[in-house]
Structures are given as structure tokens and as C-alpha cells.
Amino acid sequence: MSYQERRSLVNLISTILITLLYWSYMFQRYPQADPYSPEVFHFWGSFFLILIPVSIVARIVIYIIFEIVNVIATREEEAGITDERDKIIELKSNRNGLYLFMIGFVVAMASLVASQPPSTMFAILIVSGLATEVIGDISQFIYYRRGF
Amino acid sequence: MASNPISNNIRRLRFDRDEMTQKELAEKVGVTRQTIVAIESAKYSPSLELAFRIAHVFGVPLDDVFTYDPAEDTIWKKKK
Numbered sequence: 001m002s003y004q005e006r007r008s009l010v011n012l013i014s015t016i017l018i019t020l021l022y023w024s025y026m027f028q029r030y031p032q033a034d035p036y037s038p039e040v041f042h043f044w045g046s047f048f049l050i051l052i053p054v055s056i057v058a059r060i061v062i063y064i065i066f067e068i069v070n071v072i073a074t075r076e077e078e079a080g081i082t083d084e085r086d087k088i089i090e091l092k093s094n095r096n097g098l099y100l101f102m103i104g105f106v107v108a109m110a111s112l113v114a115s116q117p118p119s120t121m122f123a124i125l126i127v128s129g130l131a132t133e134v135i136g137d138i139s140q141f142i143y144y145r146r147g148f
Numbered sequence: 149m150a151s152n153p154i155s156n157n158i159r160r161l162r163f164d165r166d167e168m169t170q171k172e173l174a175e176k177v178g179v180t181r182q183t184i185v186a187i188e189s190a191k192y193s194p195s196l197e198l199a200f201r202i203a204h205v206f207g208v209p210l211d212d213v214f215t216y217d218p219a220e221d222t223i224w225k226k227k228k
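These protein sequence lines are chains V and C, in that order.
Everything in the first sequence is counted per this note's numbering, starting at 1 for the first residue and increasing by one.
Everything in the second sequence is counted per this note's numbering, starting at 149 for the first residue and increasing by one.
With the rest of the complex left out, here is chain V (with noise of 0.2 Å):
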């Protein structure tokens, strides 16, 4: 298994741990309140912020752990490049998990006009922003795996 092939692993099964722990910590705080009240509008607002700099600040932990793992292991320095290959390979990926959050972007909003409750729309947000991770993560493992 190559390098980009591993770290594309260690991006997935990141994302689904950080996204999974920090669901479990947050809805422990979720406001038993009417669906509608600030306090609800108040919690996912500081979810979907304090999340970001979570998620940076653990990726990049896990990515120094990663590599001193990698080099021990492997006994290879990675020259750290970035070619035309890898940037197109990350470019299709990306576009793969955007497709399918555009897709969640139009679930969550025919939810609202479903009549559902906010919480829907924004937890239907989070499920769609993770699965646009983890389809990136596995259509970048797809492509380095099968050449491009």
C-alpha cells in the first residue's frame, strides 16, 4: 500500500472518529427545549463552530502521529511533493463529496419546507457534511489505488 494510500485511511477513519466523538460529547448538551426556542438556534450554532477548529486542531495531531508512524514503519522518508497527479486525484474527490452535499444542501431544505423541525435541517447538515468527508476520503483511496 502506498503513502497516499495509507494517509487517505488515516483521513477516513479521522474523520469518522473526531465526527462521531464529538457527536457523542455535544448531544449530551443538546437544550431539552421547545424546538424552536433560541436556546436550540444557540446550540447548533456553537456545534457547527466549535467543531471546526476541533476538527483542525485533531487532524493535525493526527497527521504529525501518522507520519512518525509511517517513517518508523516504513523506514522512508515521504519527499513530502504534492505532483499534477495527486492535485487532480484530490480535485475528483472533492468533487465527489460535493456532489453529495449539494444533495444533503436539498434534503435539508425540503425538510423545513416539510414542515420539520429546525434540529432536522441541521443535523441532516452534519450527516451530509461528514458523508461529503468520508465519500472524499474513499473516492481519493479508490483512485490512488486503481492508478488514477
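It is worth saying that the hints were derived from the structure and are not from the lab.
Treat the hints with care, since some could be wrong.
[As the list claims (entries may be wrong)] List time: in silico BS3-like cross-link candidates among lysine-lysine, alpha-carbon distance up to 30 Å:
#1 V:Lys92 <-> C:Lys171
#2 C:Lys171 <-> V:Lys87
#3 C:Lys191 <-> C:Lys225
#4 C:Lys226 <-> V:Lys92
#5 C:Lys226 <-> C:Lys191
#6 V:Lys87 <-> C:Lys176
#7 V:Lys92 <-> C:Lys176
[What the hints assert, rightly or not] A short, non-exhaustive set of chain V residues, derived as facing chain C with CB atoms under 7 Å:
#8 Ser2
#9 Arg85
#10 Gly147
#11 Phe148
C-beta atoms are modelled at their ideal positions from N, C-alpha and C, and glycine is treated no differently.
Mind docking chain C on chain V? Use the hints.
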């Protein structure tokens, strides 16, 4: 997967240059070894710039490294 109309002689050219390794070639043209593997196995067609760089490393014209077969190109197959 669709067949690639572009084939190459990189493996033979490496062999002729004192069995240059894929890693050595990758370092000379500024890409990863996996990209050279993908090009050699015709899974990835490089940019024109990278193709010229590879030809330059071997000191041969571009069409000695890469060959194009229109019969394998899907764009012509569709028009037939």
C-alpha cells in the same frame, strides 16, 4: 475502465539508462514514484510538461517515449 490511447516506453528507456529506478526518474522530473508507476502502467496520462521532462531526462524526442494510437481513442470510436 476505458483503454488508454497513449502508451509509453519508459520501462525500456529506464532499462537502457543503466537500469534507472522509478524513484530516480521520479526525483529527476519532480513527481512521486507512484506517479511514475501509474504512467508506466498506462493508468495515468501525464501533462505535456511532465511528458517533455521525462523525454528530456532520457535525451530522446517525445514520440520516442510516448506513442498515440487513434484506434484506441474513445473520441474517434464514438464518431465512427
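Structure-based check of each hint:
1. Distance check on the hinted pair: Lys92 (chain V) and Lys171 (chain C) sit about 26 Å apart at the alpha-carbon level, within 30 Å; holds.
2. For the proposed pair Lys171 (chain C) and Lys87 (chain V), the alpha carbon gap of about 20 Å is at most 30 Å, so the pair holds.
3. About 19 Å separates the Cα atoms of Lys191 (chain C) and Lys225 (chain C), which keeps this hinted pair within 30 Å; it holds.
4. The hinted pair formed by Lys226 (chain C) and Lys92 (chain V) meets the criterion: a straight-line CA distance of about 24 Å does not exceed 30 Å.
5. As the CA atoms of Lys226 (chain C) and Lys191 (chain C) are separated by approximately 21 Å, the hinted pair is consistent with the 30 Å bound.
6. A C-alpha spacing of about 19 Å is found between Lys87 (chain V) and Lys176 (chain C), which places the hinted pair at or below 30 Å, so the restraint holds.
7. About 27 Å separates the Cα atoms of Lys92 (chain V) and Lys176 (chain C), which keeps this hinted pair within 30 Å; it holds.
8. The closest approach between the C-beta of Ser2 (chain V) and any C-beta of chain C is roughly 5 Å, which is under the 7 Å cut-off, so the hint is satisfied.
9. Against a cut-off of 7 Å between C-beta atoms, the interface hint on Arg85 (chain V) holds, since the closest Cβ of chain C lies about 5 Å away.
10. A hinted interface residue such as Gly147 (chain V) counts as satisfied when its beta carbon comes closer than 7 Å to some beta carbon of chain C; here the least separation is about 3 Å, so the hint holds.
11. Contact between Phe148 (chain V) and chain C, as hinted, is supported at the beta carbon level, the nearest pair being about 4 Å apart and thus within 7 Å.
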